[in-house]
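Q: Just so you know, the sequences run in chain order E and G.
For the first sequence, the numbering used here gives the first residue as 54, with consecutive numbering after it.
For the second sequence, the numbering used here gives the first residue as 54, with consecutive numbering after it.
FYI, nobody ran anything at the bench for these hints, they're computed from the structure.
Treat the hints with care, since some could be wrong.
Same chains, same names: a pair is fine if it fits in one copy or spans any two.
With a Cα cut of at most 20 Å, we get these calculated SDA-like pairs of lysine to any residue [what the hints assert, rightly or not]: (1) K241 / S183; (2) K397 / S183; (3) K397 / R144; (4) K241 / R130; (5) K158 / Q72; (6) K241 / R444; (7) K149 / E393.
Source: prediction; values computed, not measured.
In case you want the letters, here they are:
There are 2 protein chains.
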Amino acid sequence: MTTKISKAKLEQAAALMPQHGLDCWIVSFARETGNRQEPLEYLIGSTITWPSAFLLHRDGRTVAIVGSGDVGHVRDRGIWSEVRGYVASPREELVKLLDEWRPEKIGVTWSEDDDTSDGITHGMYRMLESILEGTPHAERLVAAGRMAGDVRGRKLPDEVEAIHSAIAATEDLFKRIETILRPGITEKEVQEQVHRWVREAGLGFSWEDDMNPIVDFGPLRAPMGHSYPGDTALAPGHLIHVDVGLRRDGYASDLQRTWYWLRDGETEAPEAVRKAFEATRAALDAGMAALRPGQAGHQVDAASRATVIENGFPEPPFAFGHPVGQVAHDGGATLGPRWERYGKSPDVLIQPDNVFAVEMDLEVPGYGLVGLEEEALVSEAGAQYLSNPQRELWLLPRRS
Amino acid sequence: MTTKISKAKLEQAAALMPQHGLDCWIVSFARETGNRQEPLEYLIGSTITWPSAFLLHRDGRTVAIVGSGDVGHVRDRGIWSEVRGYVASPREELVKLLDEWRPEKIGVTWSEDDDTSDGITHGMYRMLESILEGTPHAERLVAAGRMAGDVRGRKLPDEVEAIHSAIAATEDLFKRIETILRPGITEKEVQEQVHRWVREAGLGFSWEDDMNPIVDFGPLRAPMGHSYPGDTALAPGHLIHVDVGLRRDGYASDLQRTWYWLRDGETEAPEAVRKAFEATRAALDAGMAALRPGQAGHQVDAASRATVIENGFPEPPFAFGHPVGQVAHDGGATLGPRWERYGKSPDVLIQPDNVFAVEMDLEVPGYGLVGLEEEALVSEAGAQYLSNPQRELWLLPRRS
Chain E
54 MTTKISKAKL
64 EQAAALMPQH
74 GLDCWIVSFA
84 RETGNRQEPL
94 EYLIGSTITW
104 PSAFLLHRDG
114 RTVAIVGSGD
124 VGHVRDRGIW
134 SEVRGYVASP
144 REELVKLLDE
154 WRPEKIGVTW
164 SEDDDTSDGI
174 THGMYRMLES
184 ILEGTPHAER
194 LVAAGRMAGD
204 VRGRKLPDEV
214 EAIHSAIAAT
224 EDLFKRIETI
234 LRPGITEKEV
244 QEQVHRWVRE
254 AGLGFSWEDD
264 MNPIVDFGPL
274 RAPMGHSYPG
284 DTALAPGHLI
294 HVDVGLRRDG
304 YASDLQRTWY
314 WLRDGETEAP
324 EAVRKAFEAT
334 RAALDAGMAA
344 LRPGQAGHQV
354 DAASRATVIE
364 NGFPEPPFAF
374 GHPVGQVAHD
384 GGATLGPRWE
394 RYGKSPDVLI
404 QPDNVFAVEM
414 DLEVPGYGLV
424 GLEEEALVSE
434 AGAQYLSNPQ
444 RELWLLPRRS
Chain G
54 MTTKISKAKL
64 EQAAALMPQH
74 GLDCWIVSFA
84 RETGNRQEPL
94 EYLIGSTITW
104 PSAFLLHRDG
114 RTVAIVGSGD
124 VGHVRDRGIW
134 SEVRGYVASP
144 REELVKLLDE
154 WRPEKIGVTW
164 SEDDDTSDGI
174 THGMYRMLES
184 ILEGTPHAER
194 LVAAGRMAGD
204 VRGRKLPDEV
214 EAIHSAIAAT
224 EDLFKRIETI
234 LRPGITEKEV
244 QEQVHRWVRE
254 AGLGFSWEDD
264 MNPIVDFGPL
274 RAPMGHSYPG
284 DTALAPGHLI
294 HVDVGLRRDG
304 YASDLQRTWY
314 WLRDGETEAP
324 EAVRKAFEAT
334 RAALDAGMAA
344 LRPGQAGHQV
354 DAASRATVIE
364 NGFPEPPFAF
374 GHPVGQVAHD
384 GGATLGPRWE
394 RYGKSPDVLI
404 QPDNVFAVEM
414 DLEVPGYGLV
424 GLEEEALVSE
434 AGAQYLSNPQ
444 RELWLLPRRS
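Just chain E, with the same shape it has in the complex:
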């Protein structure tokens, strides 16, 4: 992550604070962030060991209060204009700073709804309450999860470019994957080859390596979802489904592609497979048409979900889309139904400069899984693909 993006994101955040009613935002109050990543690390710029507070004033001032052993490297990064060290406790410096700033509302980064905006542990929240106990600041703490989601969600041009570059690398990867597909190769062997290629290219994965890529050959062994590749060998008559995400320059991609391996004598996929592909495509198209500023996430999901059911498939047990950014499941609106597992994130309104992964997976009994996933950028005019969408089912072996 570059210092330039960190500083630009902090400026963007300060500008957004008034509309979230915040005078001061405790962007992070955490410890040992080398063990467990601070979700807003890209605004912080460095990991820290001891309990540390990173505070942003709505006028753009930034102050870091960190343990003495962390002062050197936080200063070296040059993102926080003032770095105050402590030996025994951050208490004194933190209360002093809030006394100076006299904020009426102090945002703390937590959210029931959005994991990437849920930056403070329960133990650290209790420590913060105990530090502020007996001061006027104790009553002024408010949740800044929506604020965090807003900053994460509104991508700067440099961020869109980084995501685009991760997508391009992923599209190249799908082409390479196709070259090794042949009857007999196993799901695991495909994953192992992808791991070698990605390591050689010096890239990272957007999620856990052991499920990246997800590779499904033929009929599903388990309910669809996040699964490890197995020993199933590719055979004619199989759908080939690959879900992969790469990370490049700190930003992520998340894409799915589907092939079908023709049986002897077949010149096209069986009708059930073709119907599922068309229904998947239609679900993406319907969702994309609904994806525009001012819509709530659940409205976009509903548009896509309705076409799936109209086409005679069971209701999908997952959301149509999710933000993509620093991670594959980034913060902001979920394009999903109002199920408790998504909290209130499906109620969040779509904003210009949001980037989403939109996806649909449909199972075809006897053949396997059709899955498509693309990235889309929202602008005032609506949504446009950042990836090159797969519009046709890819048939293998390719005819020369």
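Keeping the supplied structure of chain E fixed, place chain G upon it in accordance with the hints.
A: Just chain G now, kept in the frame of chain E:
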């Protein structure tokens, strides 16, 4: 992490629950643990995407309640005897299970004092409260941070062996580092070479790569602490300080070593350097003598701290020791002063089978930093080193 260790740790945890007054322990209530590591992931065995509860009964029963998309891979790992999937919300399954189990005390993994036992975010804690609202279980939640620290801290023989193996690799690394030390090489060049070696060996680092190793040549540029290696070139008359930790089979090491590069005509280090080395050594010896079951962490720290002051050095601004395990700063007792930044962890009593890093760093103006750090295993009889302690200041160039 092996399934064997995960299961053994869960059995160990169940056996410890009565003495922590718990009938049921919600070991983890988290989401998106691929983005942000669950500190008890080695008990859970897999990452999950949707809000998931992993519950342990004091009779050893284990139940995982996970989103439908996570069911397959959690079952595949075979650690949790029952895996219950949900589509819309974990609410129903969670309340049903607690109704079955009727626990009087339900532990939730959070701690103000110990980061590795502070597993639940504030947002997830609020979600848990909201799920249990109106049920008899709501009033039965208690902090299980001490429980988590106890399980982390009491190492099983397989865990000690894994730590020992990480230490052995680190000791080999110090030998290799010595072979490249020569006047003119910079701190950064040493770090880069170490990164190549560690990658080639297929090992990982115990903390952030950009501060691993920490390399200090000569007089300090900033207050001692966690710092990035810089462009300082090694020169005669410099102390050479290296702090490095490796990770092997899921377990960590954390060691420091110190050399001195002789100036022309010198046959030993200057008196100030020798005195600092002896004081550092004495601080470790004093702490090790105090490190035994039943002592509180702050008592061990005090024994070491007193010798530093007696020897005429300023009071160290850090703790004498910390647990080592899955990570370099693992959970349990801190061997440190009762400063607020350590919470109540210095009050925790030392237990048999705890593993600690014990360390001391003293600055020698004009020469640099003397730092020693070793790993020690506690048994009923006291503490013994797991590393081969550095007893003499290493002088370079070596005489043949």
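Q: Each of the hints needs a verdict: does it hold here or not?
A: Now for the hints, and whether the structure bears them out:
Proximity of K241 to S183 under the C-alpha cut-off of 20 Å is found in neither arrangement, the shortest distances being 50 Å within a copy and 41 Å between copies. For the homomeric pair K397 and S183, the shortest alpha-carbon distance between copies (13 Å) is at most 20 Å, but the shortest distance inside one copy (29 Å) is not. Proximity of K397 to R144 under the C-alpha cut-off of 20 Å is restricted to the inter-copy arrangement: shortest distance 15 Å between copies versus 33 Å within a copy. For the identical chains of this complex, K241 and R130 are inter-copy neighbours only, at 16 Å across copies versus 41 Å inside a copy, given an alpha-carbon limit of 20 Å.
Within a single copy, K158 and Q72 get their C-alpha atoms as close as 12 Å, which meets the 20 Å cut-off; across copies the closest is 43 Å, which misses it. For a Cα distance limit of 20 Å, the shortest separation of K241 from R444 qualifies neither inside one copy, at 27 Å, nor across copies, at 49 Å. With identical chains, the CA atoms of K149 and E393 are at most 20 Å apart between copies only, with a shortest distance of 17 Å across copies and 40 Å within one.
Hint check: violations occur at hints 1, 6; the rest are consistent with the structure.
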